[in-house]
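Colleague: When you get a sec, could you build the whole thing from the sequences and use the hints?
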Amino acid sequence: MKSGSNLESLLEKGEFVVTGELGPPKGPDAEAVKKKARMLKGNVDAVNITDNQTAIVRMSSIAACKILMDEGLEPNMQMVARDRNRIAMMSDIFGASALGIRNMLCLSGDHQTFGNHPEAKNVFDIDSIQMISMVKTMRDEHKVISGDEIEGDFKMFIGAACNPFADPAWYRPLRLAKKVEAGVDFIQTQCIYDMKRFKEFMKQIVDMGLHEKCKILAGVTPLKSVGMARYMAANVSGIIIPEEMIDRLKGAGKGNAATEGIKILCEQMQELKEMEGIAGIHLMAIEWEHRVPEIMEMAGFLPRPEV
Amino acid sequence: MIVAERKPFSEILSMVEDYSKILVIGCGSCVTICMAGGEEEVKLLASQLRMAFRKNKRGVEVEEAMALRQCDDEYMNDPVLLDKVRAADIVISMACGVGVQHATTFFNRIILDKPIKVVPALNTTFMGANLDVGIWEERCVGCGDCVLEKTGGICPVTRCAKSLLNGPCGGSSNGKCEINKETDCAWHLIVERLKALGELDRIKPVEPYKDWRPSHNGGPRRIVREDMRI
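Chains A and B, in that order, give the protein sequences.
Last residue of the first sequence: 307 (our numbering), numbering continuous.
Last residue of the second sequence: 1230 (our numbering), numbering continuous.
Check before you lean on any hint, since a few could be wrong.
[As the list claims (entries may be wrong)] Computed cross-link-like contacts, DSS-like style, restricted to lysine-lysine with a CA-CA straight-line distance of at most 25 angstroms:
| hint | chain 1 | residue 1 | chain 2 | residue 2 |
| --- | --- | --- | --- | --- |
| 1 | A | 136 | B | 1204 |
| 2 | A | 213 | B | 1204 |
| 3 | A | 143 | A | 121 |
| 4 | B | 1007 | A | 121 |
| 5 | B | 1043 | B | 1150 |
Since the hints were derived computationally from the structure, they do not count as laboratory data.
Modeller: If you want it as C-alpha cells, here you go:
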C-alpha cells in the first residue's frame, strides 16, 4: 500500500468510492468543521478539505483535516501551489503526515485575484504536476527533492484534479496523461454537468489506458437553483451546463428546483457508476453538507463499504 | 524594451513641492520609444510643473535636460548636463528604475560638494513588445534561464498568470486566461504552436522544478564579461 488510507484500500478492493468536500470556516471556529463533518460521517469514504479555495482566507487545510480526523472521518488534504514554495510545501506535507493525513490533492490553486486579498504576491514556485512528482519522490525514494533523506516513514495517496471541460479540449487527455506520468494515484474531476461531453472525454481516457494507471473520480455538484446554474455557467471557467438541465430546473416550478437538482444529480451519479473508467464520485455539495445523507440515500449509494 | 508609464502628476508634484530649482531629465532609449520619458514627455512634465507653481505663486525654476541613456556612464558624463544637475535642488528622472538608480549613483559620485536627490517620474512596468500603436505587453520577466526553445517561442513564466511549466490549468477558456478575458492563455498558445510544429512530444515529459537562482531570487544579478575587461 502506498498510504494505507481508507480511500486507497477501498479503491484497491474495487469498491466504487464517494468522496465529499468540506470548506473550512473563514476563521478559527473548530465547531464549524465538526458540524459539517458530522453531516458527512458515514455518508462518504473520505472528505476533501479545501486549501483557501477561491483564494479566500480560511482555516488551514491541515488543521481542518486534523479536526475532521478527530471526528472519525478520513481527510483528503488539498494543497495549492499558489501560497507555498517547495520548502513550505514539503514541511507542511511532513506535518500533515505526522498528524495522520494519508491522502492529498495537488493543485495549482485559484489565482489570488479571485479572492479577498487580490493585492497579495503569489508563489507558484512549482506547479501542480511538479507537486505530484515531488510527493512521489518523497514517498517512493524517501527523499526530499534536493535528494536529502527523509527521517521517518512517509506515506501518501497522491491525488490531483482534472478539468475535462477546459480548453484546449484536445489537450486535456494529454494533460491527464502528464499527471499520470508524474505519478498521480487518483484524479478528481471538475464538476460535470455535460454528460455527453464527459463521455467523449472518458472514451479518450480509456483508449489511452489512463484509467488503469490512476483511479478517476467523477466530480459532481448539485444545482440548487436556476440562478446558481446560470451563474456557474457564465462565471466559472470550465463549467458547461446544458440548456436541457436548466430547463428541467425551471420546469420543476417555484420552490422545487433544489429537489429537481438533487434528482438530476442522483441520475448523474448512477450513470457515472456504470461508465467505463470511473472508479468513484467526488461529491462537492458546497455549503449543502446537510443534504449529503439524503443525496447518497436517493442515489442508492448507502451504506458505505467497510474497509 | 523596458516599458514604463508616467506617474500621476499629483504624485510627482508631491515629491518636489518643497524645492525651488527642479531639473527634469529624460532618457533617450526605451522610455522614449514607449513615449513615457523622452524629450516630449520632459517638455510636458516641465510645463505642467511650471503651471502648477505659477498657480501657487511660488518662484520655482524648472529646467529640462536629456541623456541618451541614463543607465550608462558614457551618456551621463556630459558637462552641460552635470552643470544643470549642480544648479538644481532636486532632479526628476524620467528614465526607468534602472536610470533613476544609475543617475543617483553617478551624480553623487561626480558631484561631491552636495548630495544629489533624484526622484522617479515613471513607474517601470515590464520588458515588453509594442503590439500596436499605444499597446505594449509584457514578454519577458528575465528569469535568467530561457525556456523558449521548448515552448514554441512563447514564455509560460511570463505569460501564464501562474507561471506554470507543465501545461494549461483548468481555467483556460476559449484561448483566454481565467483571470482576465483580455489576456491570451499562454499555454493554449504554446500547445497549439507545438502541435503546428509537430513538436507536442517535447512537452510530454514532466518539466523539472525550475531553478529560480538565475531569476530575481537573491539580490541584484550581475554579469561580468572577462573578455571585455581590460
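Colleague: Please go over all the hints and tell whether each is borne out by the structure.
Modeller: Here is how each hint holds up against the structure:
1. At most 25 angstroms may separate the alpha-carbon atoms for a hinted pair to count; residue 136 of chain A and residue 1204 of chain B meet this at roughly 18 angstroms.
2. Taking the CA atoms of residue 213 of chain A and residue 1204 of chain B, the gap is near 16 angstroms; set against the 25 angstroms cutoff, the hint holds.
3. Of the supplied pair hints, the one linking residue 143 of chain A and residue 121 of chain A is violated, its CA atoms being roughly 29 angstroms apart against a limit of 25 angstroms.
4. A threshold of 25 angstroms between alpha carbons decides the hint, and for residue 1007 of chain B with residue 121 of chain A the separation of about 22 angstroms falls inside it, so the pair holds.
5. For the hint pairing residue 1043 of chain B with residue 1150 of chain B, the CA-to-CA distance comes to about 45 angstroms; that exceeds 25 angstroms, so the pair is violated.
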